[in-house]
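**Student:** What follows is the residue order along each chain.
Protein chains: 4
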Amino acid sequence: MKKMMVLFALFAVAAIGARAEDEAGQFVGGDYKSGIPWKTPAVVTPGDKPCDPPSDAIVLFDGTNMDAWEGGNWNVADGVMTVEPSSGSIRTKQKFGSVQLHVEFATPPVNKDENGNPVDFGQARGNSGIFLMNHYEVQVLDSFGNETYPDGQCGSIYKQVPPQVNVCKAPGQWQSYDIIFTRPILRIEGDEVVEVIRPAYITVFQNGVLVVNHWAIQGETYFHRTPNYIPIEDKEPIQLQDHHNRMQFRNIWVREIPDSNVIPAQDKIQHYE
Amino acid sequence: MKKMMVLFALFAVAAIGARAEDEAGQFVGGDYKSGIPWKTPAVVTPGDKPCDPPSDAIVLFDGTNMDAWEGGNWNVADGVMTVEPSSGSIRTKQKFGSVQLHVEFATPPVNKDENGNPVDFGQARGNSGIFLMNHYEVQVLDSFGNETYPDGQCGSIYKQVPPQVNVCKAPGQWQSYDIIFTRPILRIEGDEVVEVIRPAYITVFQNGVLVVNHWAIQGETYFHRTPNYIPIEDKEPIQLQDHHNRMQFRNIWVREIPDSNVIPAQDKIQHYE
Amino acid sequence: MKKMMVLFALFAVAAIGARAEDEAGQFVGGDYKSGIPWKTPAVVTPGDKPCDPPSDAIVLFDGTNMDAWEGGNWNVADGVMTVEPSSGSIRTKQKFGSVQLHVEFATPPVNKDENGNPVDFGQARGNSGIFLMNHYEVQVLDSFGNETYPDGQCGSIYKQVPPQVNVCKAPGQWQSYDIIFTRPILRIEGDEVVEVIRPAYITVFQNGVLVVNHWAIQGETYFHRTPNYIPIEDKEPIQLQDHHNRMQFRNIWVREIPDSNVIPAQDKIQHYE
Amino acid sequence: MKKMMVLFALFAVAAIGARAEDEAGQFVGGDYKSGIPWKTPAVVTPGDKPCDPPSDAIVLFDGTNMDAWEGGNWNVADGVMTVEPSSGSIRTKQKFGSVQLHVEFATPPVNKDENGNPVDFGQARGNSGIFLMNHYEVQVLDSFGNETYPDGQCGSIYKQVPPQVNVCKAPGQWQSYDIIFTRPILRIEGDEVVEVIRPAYITVFQNGVLVVNHWAIQGETYFHRTPNYIPIEDKEPIQLQDHHNRMQFRNIWVREIPDSNVIPAQDKIQHYE
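Residue numbers (this note's numbering), protein chains in the order written: chain F, 1 to 273; chain Z, 1 to 273; chain U, 1 to 273; chain P, 1 to 273.
Simulated from the structure, these hints should not be mistaken for laboratory data. Do not take every clue at face value.
Each pair may be met inside one copy or between any two copies, as identical chains are not told apart.
[As the list claims (entries may be wrong)] The calculated lysine-lysine pairs, modelled on DSS-like cross-linking and capped at a C-alpha distance of 30 angstroms, are:
id : residue 1 : residue 2
1  : Lys49     : Lys39
2  : Lys235    : Lys93
3  : Lys169    : Lys112
4  : Lys235    : Lys33
5  : Lys93     : Lys33
6  : Lys112    : Lys95
7  : Lys39     : Lys235
8  : Lys112    : Lys93
Please read all numbers here as calculations on a predicted model, not as lab measurements.
Full structure from sequences and hints, please.
**Tutor:** And the structure:
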């Protein structure tokens, strides 16, 4: 306490002395502190094993039922959810903005003709998709020895950017996506996006390997045209696509995350006068 | 429907026509168009001479009166507005977010002692400031042959970044600032900033020379501490600082601009199904 | 001097006073300094009048000759340089990376038929272009009452983004571009761009009005296809386009600027142990 | 040639096949392609189990020896590497720039006094660090019920930004870091950084939970002063810190990744004339 008083006195003199900082700055020995009044981060309990949901996750599919979803009439058996072709895509009942998302999937067996040759190629083989905010697709495809346009293969942001590498497993083997998605910041007037203040960003790991690193999403991932942003809510469902192939899914969970880490959240300002 | 069927058939043939896109992609001759349904930009009439306000500008000071301002009791004479020391800073009555801002200023004569030597140095000589959104200061200082810490000299974002070059004119000569400022996007809960979704950005020309290029503002430009963001409205006044020196100002105008040009505004979506 | 000695003594005591900053941070009253050892910015003398070149500018055309240029056989008369149609585009002999560029131009009279109606429309009327690094075009066009696709009109980054507003003057009137361009950072192996580490960025004022704000250039501004980056040197010529119209140019100057202002240059590190 | 003629015919019919697309450029019905000549991504075989190294990983520690490292005299036993206090930090012999890095660690038991109360607090408990490029520290600390300044706790970028959440496990339990790091792009002249063209970026998962999302590293993570960038090579060792605590490490592997995903690598340009 007394030490502090002395210190204040010293600095008071220093301030009068003027231009102290030109010669010595604030680095008067010892431990630097940023001076930013950070909040204490909340405690989260991680899962027991890798890929298990942490304590702040919302579990979207734990193998037992599809209560978190609506839409297509898909099948649940043996802890696995399977696309029922042409029954429709499914969407989460809960809506989400920026998220960390874990999804596991397995592509269906390759259809073969009587000679044992594959019948389906490219986009026709093991196709599905994960639509963040119902609009921005991370492609799900059987890209194990199956060529297509690179920005349409598994791990791509559909028709925007290919995965850095092709890390697909064979049909029937379980694969994982770990996705960081931060939502776009749009200015919407009526039914128009009049400004894209900040695009959405996405980072994707497939089977533990980085395939997309902080990609600035260019807008809706259309099949038939250049991407652009159209009006959405601040939160939207996560969609899994029915693309007429019997894709399997399991162990799906999501965490809500901040919209940004550029300059992070801070406590209420502390005044130092 | 039938039309669509025909169309699909045609494309099927095209696809069989063997990797058409490998040979020609969508660039089947001639002129590429982005396919983005841009709006037609609004027409603006530029000023007659350089530095004159364009037709969409809001004139904040045209030399006749201070009707656009409130706060300190400054003086207007001969088309010029002069700081009345200790009368207080002034703020625009109208509030602004992202803007292009033009300001002209002249620093006051240097105070001299009986031997003709300057009396005031550093921050004490010809000091004022332009606060975008009332919080983020572009320093105004007599930095013509007057040394101070670089991130506090004229053209600096105060205590964040120095100007790229020192392009100051002598006291009494008219100087100009042309500023592009895009507002921060903050998430505010109660009286706290819980997230800085996107920082503010600023670009500054002094006397026609680039001095700050798209600086990501780190927050409030404090005198006494590290910058951070605190709650503000989406629009705030522009402030001119009374720092006890008789700074002169003239020809002040502002244009409201989009918050971003990263991915720009687009027309209502056109559907191509 | 003596004052300084005292000051040092005081700080020494403060340091001995021990871990002051642990208890109170570095904000022990008074003036905060960032602690970043900034360089003192170089002094630049601004031009006398707005649009005059500052002292560190390289003048590319002062009205007398085309010595700074090579390529097409254009005409110089009355302080003005005029495109000689089909003689070819011109390029600066000197090469540039990141620059601030000032260019003035006037579009030619509109061709009319015997009834006084315009003959040329859209891209055919008063077309030229300014190619930064010989590859990235700021469109020059007579867009005064002359419609075309927005991302191809005057002030656009050609086929990438329209100007925020249309601030064109009538044919024959002098207009200005003030451009901030920071070069792309590419990783090139052989004759391939294997990575775009950072795109080029561009900001454009037309006639003093902001029309493009820090646009991330998507690559070569092609006529016939989607943009992408192809190999270039770190510095390349600035090109003015011969698009078969008698565009006029005058008062062209350029300043070399840093490649970035994200986190700016700093002095050699100072050690504070 | 003939094929192309047929193709043209088909497209012509498609266009006649009616709809607005023929005015809107290349969207003449059907499948849009970006036109970007992407490379086919390289094939990588993922690890068998989560956290196993994929086929393109460089294994830095597989439990058997420290051949990949130099520096401090640490211990290897039972598949685990343990800090030998005061023997010094260790660095990889191989140098790396941008990487995906997997590291597992366990903090040591808490030292207790005779009454069973902890002896060490804050930075003194279970401290180590992972220095990307030998300069940028992801803090390793026992932050399980152990308070310290938030930007110095486990998962922080040391003295720059706290983790989004505190997801630490108890001492002795195995934890993981999965890190995406893209190197800074610096312009270095002599022994000075004269420009930070692009900062380094870092994303961190701790125990599978996102804790840092694409943070722009502000420079060297000093103990005693504000961060800034100092000269480094394009590749530097990865360092594990000896901070005098018996931290354990296992299963360390790294993958070299592109410096950016903003606008990704593309094939040699294809010409479409």
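**Student:** Taking the hints in turn, state whether each one holds.
**Tutor:** Evaluated hints:
no., hint, verdict
1, Lys49 / Lys39, "within (29 angstroms within a copy, 36 angstroms between copies)"
2, Lys235 / Lys93, "within (11 angstroms within a copy, 36 angstroms between copies)"
3, Lys169 / Lys112, "within (19 angstroms within a copy, 49 angstroms between copies)"
4, Lys235 / Lys33, "between (37 angstroms within a copy, 29 angstroms between copies)"
5, Lys93 / Lys33, "neither (44 angstroms within a copy, 33 angstroms between copies)"
6, Lys112 / Lys95, "neither (39 angstroms within a copy, 47 angstroms between copies)"
7, Lys39 / Lys235, "both (25 angstroms within a copy, 27 angstroms between copies)"
8, Lys112 / Lys93, "neither (37 angstroms within a copy, 50 angstroms between copies)"
In terms of the numbered hints stated before, the structure departs from hints 5, 6, 8, listed from lowest to highest.
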